[in-house]
Every structure is written in C-alpha cells, then in structure tokens.
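Undergrad: Since the structure of chain A is already known, use the hints to place chain B on it.
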Amino acid sequence: MRRKLFLLLVGVVALLATAGVAAAANGGFTPVTPHSPNAARTNDAYYVILAFTGAIFLIVEGALVTFIWRYRGRGRSRTVDAVQVHGNTRLELIWTVIPVIILCAIGLVVFYELPGISSAPAAANPIRVTVEGHQFYWQFDYPNGARSINDLYAPVGQVVDLEVKSADVIHSWWIPELGGKIQAIPGRTNHIWFRANAQGTYTGQCAELCGLYHADMTARVIVGTGAEYHTFVTSTAPAVLGKAEFQGVCATCHGMQGQGGYGPNLSSNPLLIQPAGLDTIVRNGRGLMPAVGNTWTAAQMKALVQYVKTDVYKGAATSGG
Amino acid sequence: MAARSEAVYPVSWKSGRIASWLVTVDHKRIGIMYIVTSLFFFVLGGILAVLMRAQLATPNETLLTKNSYNEVLTMHGTTMIFLVVVPILAGFGNYLVPLMIGARDVAFPRLNALSYWLYLLGGIVLWGSWFATGGTAKAGWWSYPTLSELQFSPGHGQDYWILSIHILTLASLAGAINFIVTIVNMRTRGMTWMRMPLFIWSMLAYAVMLVVALPALSAAVTMLLLDRQAGAHFFIPSRGGSVILYQHMFWFFGHPEVYIMVLPVFGMVSEILPVFSRKPIFGYKAVAFSTVGIAFFSMLVWAHHMFTSGLGTGLDSFFMISSMVIAVPTGIKIFNWVATTWRGNIIFDTPMLFTIGFIALFTMGGLSGIFLAAFPVDWQLNDSYYVVAHFHYVLFGGSAFGFFGGLYYWWPKMFGRILDERLGKWFFWLLFVGFNLTFLPQHMLGLLGMPRRVYTYHHGGLWEAYNMISTIGSGVMVVAVGVFLASVWITHGLRRGVRAGNDPWLADTLEWYTTSPPPEHNFDTVPYVTSARPLRDLRRRLAEQA
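Same order as they appear, the protein sequences are chains A and B. So the mapping is simple: the numbering used here equals the position in the first sequence, first residue as 1, plus 249. So the mapping is simple: the numbering used here equals the position in the second sequence, first residue as 1, plus 764.
Honestly, I wouldn't trust all of these hints.
[Unchecked claim] Chain B stretches covered by chain A per the calculated footprint, using a threshold of three residues with CB under 8 Å from any CB of chain A:
no. : segment
1   : 1220-1231
2   : 1286-1298
[Claimed, not checked] DEER-style ranges, computed between Cβ atoms:
no. : chain 1 : residue 1 : chain 2 : residue 2 : range
3   : A       : His335    : B       : Arg781    : 16 to 24 Å
4   : B       : Val1243   : A       : Gln333    : 34 to 42 Å
5   : B       : Gly1078   : A       : Val329    : 51 to 59 Å
6   : A       : Ala312    : B       : Gly995    : 21 to 29 Å
7   : B       : Asn1266   : A       : Arg325    : 18 to 26 Å
8   : A       : Gly356    : B       : His997    : 47 to 55 Å
9   : B       : Arg1263   : A       : Ala300    : 30 to 38 Å
10  : A       : Cys353    : B       : Gly1078   : 44 to 52 Å
11  : B       : Asn1266   : A       : Leu357    : 49 to 57 Å
None of these hints come from the bench; they were simulated from the model. Heads up, the beta-carbon is just placed ideally off N, CA and C, and yes, glycines get one too.
Pulled out of the complex, with its shape left as it was, chain A reads as follows (with noise of 0.2 Å):
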C-alpha cells in the first residue's frame, strides 16, 4: 500500500513537473506569449479557468481510475453483485452546487477581465485602421487615406481600433498575440483593437475557411516606433503599393513573377499592358478569379497598371516559343 503510494506521488510530481517545464517554454500549452492589453487580459482569464478545469479534470479522472483500480473484480464472478448502492441525495446536491459555484466563479473573472479585452482604453486617441477581408489578402486603410495590402503597419504603444469588414466571404482577423478574433463579415462592420507593447512583427492568419487559398491569406502586424509609422503612411510611393498588391493578391495564383501557378502564366499576356481591360478584369473577376479589386480606388488600380508593365509584362510571346 504505501509503496502504490509512494509511485503514485512520484507520478504526479513526474506529471506537474514536465507540464511546468513546458508551460515555462509555452510550448502550446497556453496561449502564445500577450504583447497587448487585452490579448493578456485574455491569458489571465485563461489561467483561472485553467486551474479551476485543471483542479476537475484531476478530481474527476483521479477519481475514476482509483475506483476502477480499487474495485476491480480480482476474477470474482459476474453473479456475484456489489454493494447496491442507489444514490446519496446529498452527496448529489453537493456535486450539483459546487460546480455552480465554481462556474459562477468563473463568470464573474470573465466579467471582471471583460472591459480591458472588449473596449480600448478610454481617451486614448485611437488610430482607426480598416481592415477589409478579399479573397485571399488583407487590405488596410490608414486614417490618411494610405493603403496597404497584407501588411499592417502601427505605431508601439498606441491603440489602433480595427474596423472590420469583408469585400466578398467571411473571413476572421487573427494576430494571436494581439488579441482574439473577430469575423470579416459581408454586409457588416466589427470592431477589434490592440496596443502593442513592443516593436517587431507579429503574424497570423485567416481564422474562418475562405475558399481555396485560406491557408495562404496570412496577414503580419509590423509595429514600429511612431516616426517610422508616419513615415510609413506619408510616403506610400505608387511604386512600393503596386508591389504590395502585385505580390499579396496577384501572385497568389500566378506566382511572384507572373509565372503562372494555380491561375494561368501571365508575364506575357497582352492585358497587362490594356490598363482598361485589366482594371475590368481585376474588378470584377473571371470565371475563377474572384473580382480581387472589387474595392480598389483609381490610384491603387493606377499603381497596379504601373507595376505589372514594369516588373511583370515580358513582352509578347515570340510564336514557337
């Protein structure tokens, strides 16, 4: 008996140790690392739930198998009944009353981080950014009238509210260290927002299935310091938005270079030097391509035109070849 003890003890501390070590390491068993208010607040409430579910789940299973282990039939006949037992009402009032308790418990942290994850901090002074979800890119509207494709650019430390929307399916806005998700829903407009507490470039992906490129529709949250934002959104140059649109909505299906890919080789197609023809094109869609630029300002079509004849267009495919 006290040696099954004592293996048992090991066990456990075998068990919570590996669990530290990796919790220490967040090798997946937390959410990553918060680098904003509310994706912390988020951990916190996460953490409470965990040692309120954690405490159960070893009850429960504790319970389970020192039952099974301890009143295992040890050969003796099926004829042979048990005690027969049918029910304790009082021990099944407590066993419904505690986990109210302890779910009203956990309603109450909820409530409690609520606040700081739903709603920025009051008289912030918020950059609003709209994000708009396409088939398969993100497109990013600055307060200046600044566009970006795929690449949100924010300053450290302040808060920029994210005005969601969709362009053509649903899609959900996903930076896992910046705060939940919300949907990109048609037809609607969400709201999320996040301050990020240090710079660099956070990334994430399309969180709701999109059509055939979902795995593709990454997004990355590049935060530098308030000069670079500035500088950023001041000095979009035609040039540099071209590229962006060209390599995160175009090249999807026909490669970086226009090689072709899923959608067919276009570094010789005739329409890319037709500005007409290929702003109809990239408006509306054609049979499988989805209408990518359904949204687009003149300006972006314009520096899309001037980037695909520069970098793009090869030239006519010379016959025979």
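TA: Relative to the frame of chain A, chain B by itself:
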C-alpha cells in the same frame, strides 16, 4: 398408384436471403442495416480524415491539392455527423427501443423502413457528389454563406450537399417521430416513466431534440438553395440579405445536434456501467432528469458558436451563461457515473473498457468546452485547432467510444455471438492511445495559433512536431479499426465467437429476456416490470424459488 400430392405453398420472393432485407419492416433488421451502413460510412469518413492528417504531417505538403483538401474536410465533417453518428444512434435506437420497453416493434414500422432508405439515399447523394461538376461541396460542414453562394461556390457540389441534407433531415424526422410515439405509447405493463431504462430516456430526448432542431436546418438550406438556384438573396448582403441570419439558423440546429449525437451515448453508458459494476446506476432520477435538462438547455446555447461574429456583449453574455448552465447537468451525469463504479465488482470486458474510456475522454472534452464558453477566451481559441481537439474529444472520445462500447455490449444480442474479447481489448487500447496521440497535440496547435481548415501551414518547430504526432496517432487508429474489422471476421467469418445465451452479461433490462438474436416478434411473453431492473428482479425471484 395414386400420387400423393402435398400442398405446395408458394414461397414468396420476399423471403429470399437478400430480398427479405430489402422489404423488411422489422425494427431489428432496420436497426442492423442502420448500424452496418453507418460503420461503412465511418470507414469512408475515416479515410478522408487520414488523408487530411497525411497532408498536414509536415509543412507545405502537397499530397492533396488545396481544392481537394477543402472537399475532403467538408465531406469528412458532413459524413461523420450526418451519415455516421446520428444514424448509428438511430440504428441502436431502432434495435433496442422496442426490445427494452417490451414491445413487438416500433409504432410505425413502414415509416421506419422509409426512414432507413431515405438515409441511405441521402448518403448516396452526398457521396455521389464526388462526380458532380466542380466536385463536392467545399465550404465546410456548416457551409456558411457567402462562401456557399453560387458566386463563390460554382458547380453542383453545394447543391448536392443541400439535397442530401434535405433527404437526411426527412429521414431523421420520420425516425424521431417514430421513437417518440413508440416510447410514449408502447411500454410494457408496469414500465412507468421511472422504471424506464436510461437509454430509453436518452432516446426520447434525442427524438424530441431532432423534431425541434431539424426544421431550422431544413429551412436554412432551403433558403440557401433558393439563393443559389432561384435568384433569391436571403444571405447575400450586397442585395439586402444577412449572413448572420444563416449562422443563427444553422446553429439553432447545430448545437442541439451536438447533444443529439451524445445523449443516446450517455444512455448507453448508463446501461453498460452498472451491469459491469454489478451495481445499480447511482442516482437514477438525477441521471434521467439531467438528460431532460440537457435537452432543454441545448436549445438555448447556439450562439456560442458565433462569439467571433460580433454579436455584442449582451448576447455574448447570455450565451456564455446558458452554455455554462448546461455544464451542470452534464457534470451531474459524470459524477454519478464515477460514483456508480464505487464499491463495485468491476468486470473489464470490452464494453466496460469503452465505457470507462468514454467517461475519461468526454470529461476532457467537457472541460475544454468551458474555455470556449467564456467568450473572451473563445475569441482567442475559436476556429483554431483547439476547437478541433475539443469537439473530437466530445464526438470521437465521447460518442464514438460510447457507441463502440454499445456495439460490443449488444453485439451478442444482435448476432448471437460475443465479439472476440482478446481482439476487443486490443481494439480499445489501440484506439485509446491513437485517439489521444491524434487529438491531444491539437489543443497545443490551436493555442500556438493554427487555424482549423487549412490545407497546409508554413511553420516548422513545434507546429510541425505536434502535427506529426497527430498524424502518427491517426495511423494508430487506422490499425485499431483494422483490428475491429478482423475481430468481426474471426467471430463470424471463422465462427470462432462464443455463442451467447439470452443474457451473457447478466444484465438488467428486458432485451436480455428474449433469445439472442430475438425472434421476429421479439417476445413470447414479457414479465411484468416492477423496477428499472426487471431482469435482475427475475433472476432473484428464480434464485429464491430454487
């Protein structure tokens, strides 16, 4: 010499070996057809799962194209839910409900047969859609518009999906009405509500939930069909429709569906656990009423699938609280089951192993659900692999382990032989280990930021390690299912299985009173029922007389 002529009775074609199954209205044969068909689709859906795991084993894998990956994930989900778990439970219900309540058949045997054949037709339509123009549906098992609208899902796969759902909902509705009428009206003498087997309670709840929830699904997919084929725009926002409307309608069906898929298994566990502990169930009334409570509250929790849709704090809070409320009756069941093993004489035959496995794994799935009910935490976890892990613990660790337990338990009643015990234990342990290897690491993947339904990923390191473990686990489960099929072959093909008497497990309920397998009319006589354990009463009376 006058020839002696015997009267020749014409043998109807209906009594042929195959024809008799095609024309049968016997609930037992229909039940077996349901179970066999479901297991067939289980293998098909499992092959799809293994394909997905193979594709995800390493980053940037190209075994499947993105297009076929989306087809495979949609077909896997739809198959497992609509063609495996719901119908296999209907199969158990069909086989067991009349036997357990001492009836001759279900109330409407022909409707019952119709229900099975519609189910088969729905399955054929869904799987036939591999040959449709543009392949199968690719918008996931919940087929959210606008992705499932014509503009984004051209081709006929989505239409076949809708047609198949229509047929399957009709099949389930017919079956559900049959169960309700049978259970309410056809219980044998003495079987009051409080003497009804707990499996019957859960089948009643299952049937009522189907009747309430299915019309919402039928309506939603009908509206989707009208959008796609008749120029309507219920779910097209650019023309005044609402995408959120579909989400509400779908999940108004979708969440009760989760309990539809697990309540009958709760019932099976509540039957098997006492028999192999040689005890009565701990707290019969609490277990029965918690079934009713779960069925009721399951209608009030649907929008917890929509926490990331931006419903607002008011609705989010309501659905968090209702989802936590439903954890209470579920907890009651788990505690009562654990208490049932207390001071038992526990016999570890295969049905019991699966039942214990069910409790262990379902507890895990229930607890990970608490994280998802807390909506701010759900914002982080929703639509990630954490959710995939969570619902597989509920639906595979829960429902599938439960119905495999049920299969091993009632197999001798259905086919007259006990399934090979040695292989049964191998099957259990391989499945248990393989299951945990597959799905435990998926919690971590979700927390690391891997969304569900991605055909590939571009991270190495931990992402790759956990995905690889998960894929290895799925391979172990393939071996396990192979062992199961082998055990069926050894038991029946080679006739090595031990012949079962009427009551091989010394069980408590009426189905064990008749022969194994039972005659077409089920019972010659049915004993008067004086408790929830009529067979134990009978054994004791016989012992006293002896």
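Undergrad: If you check each hint against the structure, which ones fail?
TA: Violated hints: 2, 3, 6, 8, 9, 10; rest satisfied.
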